[in-house]
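Enquirer: Chain by chain, the residues run as shown.
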Amino acid sequence: MSTLHVLPSTFKVGLSRTKLEVKEFFREREQLIFTFFFPIVFLAIFSAVFGGTTFGGGVTAATYFTPGMIASGIFLSSFQSLSISIAIERDQDVLKRLRGTPMSPQSYFAGKIGLVLTTSIMQFALLLLVAGLLLDVTIPTEPEKWLRFVWIFILGTASGSVLGIAFSVVPKSGKAASAVVTPVVLLLQFMSGVYFVYSDLPGWMQSIASVFPLKWLAQGMRSVFLPDDFRFTEPGGTWQLGTGAIVLSLWLVVGLVIAQRVFRWTRRDAG
Amino acid sequence: METDKAVRVRGLVKRYPDKVAVAGVDLDINRGEVFALLGPNGAGKTTTVEILEGYRHADEGQIDVLGSDPARGDRQWRARIGIVAQSSRDEAELTVAELVHHFAGYYPSPRDPEEVIAAVGLEEKRKTRTRKLSGGQRRRLDVALGVIGNPELLFLDEPTTGFDPEARRQFWTLIRNLRTEGTTILLTTHYLDEAEELADRVGVIADGKMIEVATPDTLGGRGARTARVSWLAADGLQEIRTDTPTAEVTRLLAQYGGEVPELQVRRPSLEDVYLELIGKASVAGAELEGAVR
Ligand SMILES: Nc1ncnc2c1ncn2[C@@H]1O[C@H](COP(=O)(O)OP(=O)(O)O)[C@@H](O)[C@H]1O
Ligand SMILES: [Mg+2]
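From first to last, the protein sequence lines stand for chains A and B. Take the first sequence: its position 224, counting from 1, is numbered 224 in full-length UniProt numbering, and each next residue is one higher. Take the second sequence: its position 134, counting from 1, is numbered 134 in full-length UniProt numbering, and each next residue is one higher.
Looking at chain B on its own, in the form it has when it is part of the complex (with noise of 0.2 angstroms):
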C-alpha cells in the first residue's frame, strides 16, 4: 500500500552470531525529505539501510518501502530506489562516461547521463577508466550510478567519508539540488555537521538502537541547547542554565560589582548535544550488559 510515507519500520531487529547489530528501530521517513541516520561506527547504520535496500533480510520487524517489502522487492521497485553503498571497489576497465551511459539503460525513465556526469563534478575525468580514478573519484561514480535512474528514494551510505571539504560541500549542493526536485533520502554519515547541514530530520543510532528522531536544531530535546553561565563563586564552579544569559550576566555584574571571575557564556553546539546522546546510550549499554553478567 503506498501512502505519504517512503520508509515505514517498524520494531526492526537484525541478529549476527556474536552481536545485536539492530535491537528494535522504529522509523519513519516522508516523502520528499531529507533523513539522516547518525550515529558512531558500529551502530548498526549499514545494517538498517541494507535491509531497507534488500540486500540483507531482517530478523524480526515490520519494514515498508515505497510500499513493498524489499525482501521480496522486483524490478519495477528496484527502478523506483537509487543505492550508493558505503564500500565500493569497483576497478573496471570501463571509463566514467561508459559506465554511466550503460547503467542509464537499466532505468525506465533516467536521468542525462551527461548531466548526471556534470553534477558529480566528474566531466573532466569522462573518458579515465574507473581503475584510475582517486578514492573521492569513484565515490562520485557511486553517487552518479546512484541517482541515474531518477529514483524517488535514495540511500546513501557514509556518501562523503574520505572528501576533502571542498568536494564535500559541492556533494551537499548536489544533495540539495535533488531534494529540491522532490527526491527521498536515507542518508548515514557520522559527520554531524553533514546531517545538520542537509537533514530535515536526524534519527541518532548507537548499539542498535534509535535513540532519537528530531529535526537538527531540537535534538537532544528542549534545554539541550539552552545556554550556560558559569562563573568562578567562592565555593567553587557555577553553572546555570537559563534561557536569559543577559540577564543573567547583569545580575552577576551588579553582585560582583565589577570582573565576574572565570565567567563564561555558552551555548551547546550540536555535538555536545551529540556526543551526550551516544554517551548516555553506550553507559546504558554498558550497565546492561554489567547486570546481564
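Bound-form chain A, shown alone (with noise of 0.2 angstroms):
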C-alpha cells in the first residue's frame, strides 16, 4: 500500500541535518565561546602578551603561534563539539527521537560532518583574516603549501571528527560532558605545542603528546605557515610530515572502528 511512497534520499536529508546542525551550533553560546571563538581569542592574547619575543628570522609571536591555533581551532571544532553535542543529544533523547524515524544514520552523520567541515572552514578562515589583517602574520602564497594544508585539513577534521563521535559516550550525562570532554582537550593542547614551542618540552611530555593526533596536526601546520628554516628547530630536525601522515590516518581508522562499535542511540539505562 505505501511502497508508492519512496523516502527522501539519503543525500537530501543530510544536507538538512546540516543546515540544521549550523543553524543550532551558531545559536549556542557556549559552542559559540569555547569552541568557535577560542582560538582566535587565545591567538589575539598571545601575540599582545609574548609581542616583545621574537622567534628568529623575523618570525613574530602571532606568527609563531597562528599554526598552533589554527590546528587546535581543527580539533576542537571536530572532537570537542562533537563529543559535547552529542553526549548531550543521547542524553536528552533526541538521538532516541531520531532513531523512531525514518532518518538513516548515515544522514545523522553527513549532518556532522557538514557541521564540521562548515565551522572550521569558518574558524579557520576568521582566524587567517584576524591573523593577517590584524596582527600582522604572513600569509604563505606557495600552492604546494597550500595543497599540504588541505591534507592535513582533511585528515586533522576527519579523525578528530570519529573520535569525537566515539568519545560522546563517555560522559555520563549531558551535564557532565563539557566538563569531561573540556580537560582532555586542554590538557592536549598544552602537551601538543599549541601554548608553547613543542621543542620547549620536556622529553616525557613530547613522548606522550606524539602518539596522539593534535602534536602532529600542530606540526603539519607549522610547516605550512613557518618558514621552511624553522623546521631545524622541531624535534629531529624535521617536520616529520609522513609520520604525521601515518599518525593521523592510523588515528582515523581506529577512531572509525571504535566509533561504529560504541555509538549509541539511547542512553546507557533505556534498557
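None of these hints come from the bench; they were simulated from the model. One or more of the hints may lead you astray.
Stated by the list, open to error - Taking beta-carbon pairs under 8 angstroms as the criterion, some of the chain A residues facing chain B (in silico):
#1 R27
#2 E28
#3 D93
#4 R97
#5 P102
Unchecked claim - Quick list of in silico lysine-lysine cross-link-like pairs, DSS-like style, CA-CA up to 30 angstroms:
#6 A/K175 <-> B/K127
#7 A/K19 <-> B/K132
#8 A/K172 <-> B/K19
#9 A/K172 <-> B/K132
Just so we're clear, the structure is a prediction, and the values are computed from it rather than from any experiment. In this text, a Cβ means the ideal position worked out from N, Cα and C, and glycines have one as well.
Can you join these two chains into the complex? Each is in its own frame, and there are hints to help.
Expert: Structure, rendered in C-alpha cells:
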C-alpha cells in the first residue's frame, strides 16, 4: 500500500541536517565561545603577551602561534564540538527520537560532518583574517604549501570527528559532557605545543603528546605557516610530515572502528 | 505478513536483572482502533511499548507490528509508525516551526507542518525555541513530531501527563480526529478518564501481566458495574447487587413502610472497577511472592 511512497534520499536529508546542525551551533553560546572563538581569542592574547619576543628569522609571536591555533581550532571544531553535542543529544533523548524516524543513520552523520566542515572552515577563515589583517602575520602564497594544508586539514577534521563521535559515550550525562571533554582537550593542547614552543617541552611530555593526533596536526600546520628553516627547531630537525600522515590516518581508522562499535542512540539506562 | 491486525503479540517477556518487567503479555490491536494500555506506575507499559517501537528487545515472545518484527524494523517500516515517548528532555535552540518542518523532511508523505502545528495548538509558539517551551507545550511538540509523518500506527506513552484540564481536552480532540482519519493508536495512561474517553478497547496491565482486555463499559466483566443497594438492617449493613435497583428500593420501602435507614443506591464507577482489578493483581502478586519465599 505505501510502496508508492519513496523515502527522501539520504543525501537530501543529510543536507537538511547539516543546515539544522549549523543553525543550532551558532545559537549555542557555549559552543560559540569555547569551540568557535576560543583559538581566535587566544591568538590575540598570545600575540599581545609575547609581543616583544622574537623567534628568529623575523618571525613574530603572532606568526609563531598562528599554526598552533589553527590546529587547535580544527581539533575543537571536530573532536570537542562533536563529543559534547552528541553526548547532550543522547542524554536528552534527541538521538532516541531520531532513531524512531525513517531518517537514515548516514544522514545523521552526514549532518555532523557537514557541521564540522562548515564551522572549521569558517573558523579557519576568520583566524586567517585576524592573523593577516590585525596581527601582521605573513600568510604563505606557495601552492604546494596550500596543497599540504588541504590534506592535513582533511586528515585532522576527519580523525577529530570520528574520535569525537566515539568519545561522546564517555560522559555519563549531558550536563557532565563539557566538564569531561574540555579538560582532555586542554591537556592535549598544552602537551602538543599549541600554547608553547613544542621543542621546549620536557621530553616525556613530547613522547606522550606524539601518541595523539593534535601534536601532528600542529606540527603539520607549522610546516605550512612557518618559514622552511624553522624545521630545524623541530625535534629531529624535520617537519615529519610522513609520520604525521601515518599517525593521523591510524587515528582515523581506529576512531572509525571504535565509533562504530560504541555509538548508541539511547542512554545507557534505556534498557 | 500483513493482516487486519496492526499489532499482534504473544507471550511477551522482558526481564531486567532485578525485575521481570513484562511477564507474558498477549496483545492484539485492530487496524483503526484506539487501544489504551492502562496501569499504575511500574506496571510495564513503557517497556511493552518500547519493545513494539523497536527500542528494546524482548527476551521471549512473538511480536508483529505492521507485518514486521520491530527488532528488525527498517526505514520503510519506521516511516509508517509515529512515536511519542514517555519522556523527552530536548532543549534545543531550534524553534517549533523549524523542528516540525525539518522532521517532515524525513518522511515519504508527511502531513502539512503548519496544519500539524495548529492541530497541537502551538501556532503562537511557532517561533519559540524549544528550550523556552513549558512542559505542556514541549509535550505538544512531541505529539506534533510523532504525527508529522502521517503514521498508520501511532504510539503515545502517557501523552497528557502534566497537562492542565484544558490542554487535555484539546489533546483528546486531536486524538479523536486522528482516529477518524483511520490512524491506529496505542496509548498508555494511568488516567482512567482518558482511557474511558478515547479508547475503543482498554487493556489493564499490572505487575507485567495483562489482567483484562475489554471495552471501557464492559471492564471487570458482567456484573462489575451492576448497581448495589445498601441499607442498615437490624443485624448490620446489608448490600445486594441487582439489575433492577428501583424494584429493590420499592420492596424495601414496602418492608419498612417509610424511611429506609442509610439507604444507598450506587453504581460502581469505572474507577472502582479498575482499582478492584489492579488491587486483585497486586494481592495475587504478593501471595505469589510469599509462596516463593
Ligand atoms: N532499563 C531498565 N532497567 C531496569 N529495570 C527497568 C528498566 N526499565 C523498566 N524497569 C522496571 O520495569 C518495571 C516496569 O517499568 P515500566 O515499563 O517503565 O512501567 P510503566 O511504564 O508502566 O510505569 C518497573 O519496575 C521498572 O523499574
Ligand atoms: Mg511508563
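Enquirer: Each hint should be assessed against the structure and marked as holding or not.
Expert: Hints versus structure:
1. R27: With Cβ-Cβ at 4 angstroms, under 8 angstroms, it holds.
2. E28: 6 angstroms, holds
3. D93: Cβ of A/D93 sits 5 angstroms from chain B, so the hint holds.
4. R97: Result: holds, 7 angstroms to nearest chain B Cβ.
5. P102: 4 angstroms, holds
6. A/K175 <-> B/K127: 26 angstroms, holds
7. A/K19 <-> B/K132: 21 angstroms, holds
8. A/K172 <-> B/K19: Holds: A/K172 and B/K19 sit about 24 angstroms apart, inside 30 angstroms.
9. A/K172 <-> B/K132: This hinted pair holds, its Cα atoms lying about 25 angstroms apart.
When each numbered hint is compared with the structure, no violation occurs for any of them.
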